[in-house]
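Just so you know, we're using my numbering here: the sequence shown kicks off at 8 and counts up by one.
Source of the hints: derived by calculation from the structure; they are not laboratory data.
Be aware that a few hints might be false.
Stated by the list, open to error - Straight-line alpha carbon distances no greater than 25 Å define the calculated DSS-like cross-link-like pairs of lysine-lysine that follow:
no.	residue 1	residue 2
1	LYS74	LYS111
2	LYS111	LYS45
3	LYS111	LYS49
As the list claims (entries may be wrong) - Have a look at the derived ranges for each label pair, beta carbon to beta carbon:
no.	residue 1	residue 2	range
4	GLN25	GLY52	36 to 46 Å
5	LEU142	GLU34	18 to 28 Å
6	GLU113	SER50	34 to 44 Å
7	VAL117	VAL143	19 to 29 Å
8	HIS53	THR114	27 to 37 Å
9	LEU142	GLY27	35 to 45 Å
All of these numbers come straight from a predicted model, not from anything done at the bench.
A virtual CB, placed ideally from N, CA and C, is assigned to each residue, including glycine.
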Amino acid sequence: MVTFLIGCSFSFEDRLIQGGVPVRNIEQKKNVSMFRTKKECKSSGHFSCNMVVTYRPIPHTLVEKAKQITIECKAVHGPPLDEQDPNALGIKDINCPDFGEPVKAETGDVPVFWPCGVTCIEAVTSARKLQGFPLVITHSPGHMFVTDSKEFGYK
């Protein structure tokens with residue numbers, strides 16, 4: 008059996024909102040957009056994959072604020088990637104996510120990408136083909152593992 012229970016970007020969305028940074032997927036009542044990238048993760052044993060990222064369009068004037076807010080969430084997620092060019096990440100069409108739903112940017116928004124917990128699903132999928140794991144426990148895109156821990160208790 009293999010289990011992965013890792014942080015998710017959902018854990019910082021309320022912090023962004025309270026900090027005055029709009030979260031477009033919440034405003035639009037949509038699941039966050041998630042994309043497979045060409046950015047390779049460090050392999051470990053049979054686990055090997057490319058990173059999955061979440062996409063949030065953020066006003067260009069608030070990107071640094073969003074980074075400062077989320078850098079405080081290292082225990083559950085952390086700051087966005089330094090690379091914010093969809094093409095450089097291998098994302099062909101920002102309106103066609105691999106997981107989640109398309110989120111529309113507003114005038115003045117720029118793309119911001121965070122590493123995504125769905126990456127573990129990609130790693131397990133690649134390893135499972137080699138190892139034949141009979142049981143894997145993790146989350147599904149947009150459906151997180153739930154505990155009684157409060158999200159504001161993590162830093």
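Each hint, compared with the structure:
no., hint, verdict
1, LYS74 x LYS111, "holds, 20 Å"
2, LYS111 x LYS45, "holds, 23 Å"
3, LYS111 x LYS49, "violated, 32 Å"
4, GLN25 x GLY52: 36 to 46 Å, "holds, 40 Å"
5, LEU142 x GLU34: 18 to 28 Å, "violated, 38 Å"
6, GLU113 x SER50: 34 to 44 Å, "holds, 39 Å"
7, VAL117 x VAL143: 19 to 29 Å, "violated, 36 Å"
8, HIS53 x THR114: 27 to 37 Å, "violated, 46 Å"
9, LEU142 x GLY27: 35 to 45 Å, "holds, 43 Å"
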